[in-house]
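Let the sequences and hints guide you as you build the complete structure.
2 protein chains.
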Amino acid sequence: MKFELTILGCGSATPTSVRNPSAQVLNILERFFLIDCGEGTQVQLRKFRIKMQRINHIFISHLHGDHYFGLIGLISSMHLLGRKHALQVYAHPDLEKIIQMQLKASDTRLNYQLHFHELQYDKNTLLVDDPYYSVETIVLKHRIPCCGFLFREKPRLKSLRKEKLAEYDIPLSAIPGLREGKDYITPSGAVIPNAEITMNAPPPRAYAYCSDTAYNEQIAEQIKNVDLLYHEATFSQEQEKRANKTFHSTALQAASIAAKANVKKLIIGHYSARYKNIQPLVLEARAVFPETVPAADGEVYKVSLA
Amino acid sequence: MKFELTILGCGSATPTSVRNPSAQVLNILERFFLIDCGEGTQVQLRKFRIKMQRINHIFISHLHGDHYFGLIGLISSMHLLGRKHALQVYAHPDLEKIIQMQLKASDTRLNYQLHFHELQYDKNTLLVDDPYYSVETIVLKHRIPCCGFLFREKPRLKSLRKEKLAEYDIPLSAIPGLREGKDYITPSGAVIPNAEITMNAPPPRAYAYCSDTAYNEQIAEQIKNVDLLYHEATFSQEQEKRANKTFHSTALQAASIAAKANVKKLIIGHYSARYKNIQPLVLEARAVFPETVPAADGEVYKVSLA
Chain D
1 MKFELTILGC GSATPTSVRN PSAQVLNILE RFFLIDCGEG TQVQLRKFRI
51 KMQRINHIFI SHLHGDHYFG LIGLISSMHL LGRKHALQVY AHPDLEKIIQ
101 MQLKASDTRL NYQLHFHELQ YDKNTLLVDD PYYSVETIVL KHRIPCCGFL
151 FREKPRLKSL RKEKLAEYDI PLSAIPGLRE GKDYITPSGA VIPNAEITMN
201 APPPRAYAYC SDTAYNEQIA EQIKNVDLLY HEATFSQEQE KRANKTFHST
251 ALQAASIAAK ANVKKLIIGH YSARYKNIQP LVLEARAVFP ETVPAADGEV
301 YKVSLA
Chain H
1 MKFELTILGC GSATPTSVRN PSAQVLNILE RFFLIDCGEG TQVQLRKFRI
51 KMQRINHIFI SHLHGDHYFG LIGLISSMHL LGRKHALQVY AHPDLEKIIQ
101 MQLKASDTRL NYQLHFHELQ YDKNTLLVDD PYYSVETIVL KHRIPCCGFL
151 FREKPRLKSL RKEKLAEYDI PLSAIPGLRE GKDYITPSGA VIPNAEITMN
201 APPPRAYAYC SDTAYNEQIA EQIKNVDLLY HEATFSQEQE KRANKTFHST
251 ALQAASIAAK ANVKKLIIGH YSARYKNIQP LVLEARAVFP ETVPAADGEV
301 YKVSLA
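Each protein sequence line maps, in turn, to chains D and H.
The first sequence: position 100 = 100 (the working numbering), numbered continuously.
The second sequence: position 35 = 35 (the working numbering), numbered continuously.
One or more of the hints may lead you astray.
The list cannot tell twin chains apart, which means a pair is met if one copy fits it or any two copies do.
[Said to hold, decoys possible] Below, simulated DSS-like cross-link-like pairs (lysine-lysine); rule was C-alpha separation at most 27 Å, straight line: (1) K302 - K154; (2) K84 - K97; (3) K241 - K141; (4) K241 - K260; (5) K123 - K264; (6) K302 - K224; (7) K47 - K224.
Hints listed in this document are in silico derivations from the structure and should not be mistaken for laboratory results.
In structure tokens:
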């Protein structure tokens, strides 16, 4: 019952020797979602032992190169390594044109279906609606169209107290309703409260990815109470002007969003290459939101079922 | 007086954990030439301590991704790191379209001039003609238009025997002619042979890059006697059929070309990812051409002045 995030790259515009550009993989119940795909992502996947062919959905936040330059290489390697099953890519429509032009230049006809889904940037939209999870966009503020992604498990059905089923002689036909939370009405018309017969399922887990963005309080409501929030912290508060100018956030601002949204844990990342040591960014964020951790390439964050 | 080749990547289509895709840097007298630019090249440059801004010429053999997917990232990083001076790229014209589309998608206006030069693939052409060196194409045989590159130093002027200048009381005005090899005619009409007054300069050095290509004897004449030949050896001879089918060469074929061209040293590379251990490829080549060495990422080959 995994819900597990692996950071493949947490650098920003220019890669450094220790930080690849943006990319991460979210594993929800053994479905693998790739979020952004900076240059070198395919090698990072190999390094951190995540099988590229298990990725069926790729979400690209925006078309700055540090978030997508690795996509064509990954798509090509998936092809060369024999992929047959479809791949879904959620991105700005220009990305499809770029990728198709690159495939044409190398005279490549993919062995698998590559489906592009056009993102909208002006409002939250539901991208994937599966029985077990959903993915929706988060409206971000950046120099070019950009959005974040919110991954949520669907609520689980309640489990049943077997002794109560026997006690009230509950028929099978009533079970689905009970698991969804309905009360039980006995043949004589008595109401048995659902809580007496069932146990609550563990709450669904959620992860929000917010990179790249200027400080934007409006997202707090949408990402309220998520288990994990990755929020960019390109700069420290000292560089607030530069952050504003470039539509990025400071560590303090990331922490403010985490506090307003009452998330359980904040992961900061997308650090400017100027920060060899990111400890000052971490301390700055923790002063506002103590449950802050710094992203690092290869780091894994697990959310257990409560 | 450097003439020095650094391998940045010697893998083929899919990168492995130890081999990046094709890229190398040739340093001729402190001019830096980048030859091919697979994904991850900018990180390799950093790793092997070659300053990216010193590269002014980039040569892309063909548009299979393992030879150019790293170019847009390098171009972007050059921009972000403040480059002001022009960059020359020699490639198939489709590459310019791809790069321009990528720059447009990210709303990037480069701070420096990016000049694309269209390659021709049906005949050898002179690409760069500098007082100190030249670069020309080598016609290769691949699935899509592809060429190699031949880098040559220009011949150096002869140096003078000072005692002879005094002995024959040679005027300054005669010096340039003597250094170019002319005999000296004394005021009384006597001919002093050039060899008596000058010493030969060390011969110009040359490097030939041949990847990707099917076996093609016709290149031997053009690359005759070069100091260094990099020739792809994607497969071993056991896989000759596969090599033919995919327009690649075997190690044995690479060695045959080296022998026919009488080169001084052969570097094999562009190994298929199937070869974890490339020793069998090396032995296969050495049986035909003993002066064979295997490329490895980070390896440096120096050619001294004779």
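- Which hint numbers doesn't this structure obey? 7
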